[in-house]
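Participant: Residue strings, one per chain:
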Amino acid sequence: MATLKITGLQVSVDDKPILKGVNLEIKAGEIHALMGPNGSGKSTLAYALAGHPKYEITGGTIEIDETNVTELDANERARLGMFLAFQYPVTIPGVRVADFLRHAVSNRRDPDRKEGENLIPMREFRKELKERMGELGMDTEFARRYLNDGFSGGEKKRMEILQLAMLKPRFALLDETDSGLDSDAVKVVSEGVNRLCGPDMGVLIITHHERLLEFNKPQFTHVMLAGSIVETGDASLAAELHTNGYAKVRERHPEEAAEETSEQEESLASV
Amino acid sequence: MSTASIPESSLAAGFTPEVFEEFLQTRDEPEWVTQARRDAFELYQEKLAEPLDQEEWKRVDLRAFRPGKFQLRDDSFDAGNLGTLMLDRADFAGSVVHVDSHYARGSASEELKVRGVLFGDLATMLREHGDTLRPHFATRAVQAGTDRFSAWHAAFWTGGTVLYVPTGVTIEEPLYSLIGLAQAGATDFSHTLVILEDDAEATLLEETSSATSDAPGLHVGAVELLVGRNARLRYVQLQNWNSKTWHFAHQSGRVESNGSLQWTVGGLGAKMAHIHQDVHLDGRGAEGQVNGVTFATDKQLISYYTQQTHHAPDTRSDLLYKDVLRDKARCVWRGMIKVDEAAQQTDGYQRNDSLLLSSTARCDAIPGLEIEADDVRCTHGATAGRVDVEQVFYAMCRGLTEYEAMHMIVQGFFQIVTDRIPVELVRDTLDKAVERKLGIGE
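In order, the protein sequence lines correspond to chains A and B. Under my numbering, the first residue of the first sequence is numbered 1, with each subsequent residue one higher. Under my numbering, the first residue of the second sequence is numbered 1, with each subsequent residue one higher.
Simulated from the structure, these hints should not be mistaken for lab results. As the structure is a computational prediction, the values presented were derived from the model and not from experiment. The beta-carbon is built from N, C-alpha and C at its ideal position, and this holds for glycine as well.
Here are the computed distance ranges between Cβ atoms for each label pair: (1) P111/A with Q54/B: 51 to 59 Å; (2) T170/B with L119/A: 33 to 41 Å; (3) G8/A with D428/B: 47 to 55 Å; (4) M1/A with D388/B: 34 to 42 Å; (5) D388/B with R109/A: 22 to 30 Å; (6) T7/A with T360/B: 40 to 48 Å; (7) D375/B with R109/A: 58 to 66 Å; (8) D65/A with D428/B: 38 to 46 Å; (9) E124/A with D419/B: 20 to 28 Å; (10) L62/B with G116/A: 33 to 41 Å; (11) N118/A with D91/B: 25 to 33 Å.
Straight-line alpha carbon distances no greater than 20 Å define the calculated DMTMM-like cross-link-like pairs of lysine to aspartate or glutamate that follow: (12) K432/B with E117/A; (13) K437/B with E117/A; (14) K432/B with D99/A; (15) K54/A with D388/B; (16) K54/A with E390/B; (17) K47/B with D147/B; (18) K54/A with E402/B; (19) K156/A with E390/B; (20) K114/A with E402/B; (21) K437/B with E115/A; (22) K338/B with D53/B; (23) K328/B with D298/B; (24) K338/B with D375/B; (25) K432/B with E115/A; (26) K248/A with D234/A; (27) K113/B with E172/B; (28) K187/A with E210/A.
Chain A stretches covered by chain B per the calculated footprint, using a threshold of three residues with CB under 8 Å from any CB of chain B: (29) 84–95; (30) 98–104.
Model the full assembly from the supplied sequences, consistent with the hints where possible.
Facilitator: Written out as C-alpha cells, the structure reads:
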C-alpha cells in the first residue's frame with residue numbers, strides 16, 4: 001500500500017527554523033487533518049512536501065513508498081504522485097487551462113516524458129477533461145481560459161480540485177482549500193474531494209476551520225504547535241478544537257506554547 | 001571576416017561614389033527612378049557627415065558596424081535552402097521571393113490580374129506600371145531625406161514586393177513575400193510598397209530569412225503601407241535573419257479616413273536590428289493597431305523607435321509590444337504618441353512589456369506623449385520583470401519541468417499579443433518561431 005512517510009522533518013525559511021522535526025505517516029485511503037493556530041507551520045509543511053525551493057529541508061526525510069524524495073525537485077515529486085492544492089493558486093496569463101493540464105497529465109502518466117515528446121492524445125484528453133469538469137459543475141468554457149486569470153476565489157479553488165481530479169495523485173495536500181469560500185463552494189469542493197478519495201489516494205487536509213472536515217471525515221487529526229505535531233487523535237479532536245480553540249492544547253503543551261509566544265514576540269520585534 | 005569569402009560580383013564592396021556609378025550601370029529603369037537615386041545618393045553623403053539623431057540612436061551602438069564589408073549583388077541568386085516558417089503552410093493568392101535583394105521567383109493568381117491587382121517585384125512594377133505607382137513610391141510614407149539610412153536605401157534599393165489593390169477589391173487569401181539573404185556579405189535593400197485604394201482589403205505576410213546561419217548580411221530596408229478610405233490592410237513582417245545580419249529599416253504606414261491598418265512585427269533574428277516604425281492616422285476615424293513580438297537571445301540587440309501620429313479627429317491607435325530576452329540580449333523600445341492640434345477625440349495607446357529570462361539581459365522601454373489637442377485619451381505603459389518563481393513552482397507542482405514551465409510562461413506572455421492577430425497562420429507561425437527559439441523539440 002502506498003505510503004507517504006515523513007520522518008524528523010526540519011525546515012527553515014530564510015535560515016529561520018520553522019518545522020522542528022515533524023513525523024507523519026499517511027497511507028493511501030486515509031484522510032488526515034492537520035490543524036493548528038496561524039503561524040504554527042502547517043503551510044510550511046505543505047510547501048516543503050511539495051518541494052518549494054524557498055523551504056529548505058535541514059533535517060529528516062520525505063519518502064513516497066520506499067523512495068526518498070527529500071532531494072527531488074517539485075516536478076519529480078509531482079510525477080511520483082505528490083499533489084499540493086494551493087491556498088493561493090497562482091495565475092499564469094496567456095496559458096490556457098487545457099494546454100497546461102494536458103502537459104501536466106502527460107507528465108504524470110508518463111513520468112519519463114521529456115519536453116517536446118508526445119502529449120496524451122487530444123481526443124482522449126478532452127473527453128476526460130469534459131467529464132471531470134461536469135462532475136465539478138464547471139463550465140467547459142473554463143478549459144479555454146487562461147490559468148486562474150480573472151478567476152474568482154471559488155473558481156480558483158475549483159480549478160485546484162479539477163487538477164487533482166485529472167492528475168490522480170497518490171497523496172493530495174489540501175492547503176486551506178476551504179478558506180475564502182462560501183458554504184456552497186465548500187460543499188462543491190468537498191464533494192469533489194470525496195469523489196476522489198478512495199483506496200488509491202491519501203489526503204492531508206490543512207485547515208483551521210472545521211467545515212471541510214464535516215464533509216470529509218478524517219480518520220486522524222494532528223495538531224501542530226510551533227513547528228511540531230503535538231497531538232494526534234481522531235475526528236473528535238478536530239471537533240473539540242473547533243469548539244474550544246487551542247487554549248487547552250497550549251495548556252497541555254506548555255513548552256511548545258512558550259516557544260510559540262517567544263517566536264511571535266521575535267517577529268513583532270523585527271517589524 | 002575576410003573579403004576573400006565574398007563571391008564574385010561585378011560590383012565592388014562598399015557604397016562609395018564609384019560603386020554607386022557602377023551600380024547605376026547595372027540598372028535598367030526609367031529616368032525618373034535613376035534621378036531619384038542620384039538625389040538620394042547625394043543626400044546619403046550629406047547625412048553621413050551629420051551625426052545621427054541622439055534621441056533615436058543613443059542606445060544603439062554602431063561602432064562595430066562596417067558598411068564597407070558588404071557588397072551589392074548585381075544578379076539574382078536563388079538559394080533553394082531559405083528557411084521559411086510560412087511558405088508551404090497555407091494557400092496564398094500569390095507569392096514573391098527575393099534573394100540578395102533581387103527578384104528570384106513569384107506567382108500571382110489569374111484572378112488577381114483580372115481584378116486589376118498588381119503584385120510583384122518593385123523593379124519590374126515600376127517599369128511596367130510607373131504611372132500608377134510613382135505617386136506613391138517613396139513620396140508619402142518613407143522619404144529619402146529622413147536620415148542616412150533612408151537616403152542609403154533610396155539610392156541603392158534593388159527589389160522589394162509591391163502590392164497594389166484597386167478601389168473596392170477584396171483579396172480574401174493572404175499574399176506572401178519572402179526576403180532572403182544567401183551569400184556571405186550580401187545586402188538586402190528591399191522596399192515593400194503596399195497600396196490599398198479606397199474600400200480595398202488585403203493581407204500581406206512577409207518574412208525575412210537567411211540561407212545559412214553564419215553568412216554576414218545587411219538589410220537596409222523600407223516598408224510603405226498606404227491604406228485608403230475604408231480600406232483594411234493586415235500586414236505582417238517576421239524578421240528572422242541569422243545572427244550575423246544587421247537590420248536597419250524605415251517602415252511607415254498611412255491610413256486615410258475610416259481605414260484600418262493592422263500591423264504585426266516579429267523580431268527574432270539579426271545581430272542588431274533597428275526599426276523606425278511610424279503609423280500616421282491621416283483621415284477622420286482612421287485606425288492603426290500595432291502588434292510586436294520580440295524574442296532576443298545571446299548578444300542580440302533589437303531596437304524599435306515607434307511613432308503613432310494622430311493627424312485627424314476620431315482616430316485610434318493601439319500599440320502592444322511584448323519582448324522576451326535571454327542571455328545577454330538587449331531590447332530598446334522608444335515609443336511616441338503624437339496628437340496634432342486638430343486631432344480631437346482621439347484614442348492613443350501604447351504599451352511595452354518585457355520578460356527577462358536571465359539577469360544579464362536588459363530592456364530599455366521609454367514611452368512618450370506629445371499632445372497638442374485638448375480633448376483626447378492617450379495612455380501608455382511599460383513593464384519589465386523576471387519570470388515569477390511562484391509561477392514556475394506552481395507549474396512544477398503539476399509535473400512540468402523547470403524548462404517546460406518557463407517555456408509555457410514565455411508562450412503565455414506572447415499569447416496576449418498573438419490573441420490580437422486574426423490570421424491563424426500568423427499565430428501558428430509566431431508560436432513555431434518562439435518554440436524554435438526556445439529550442440523545444442530539438
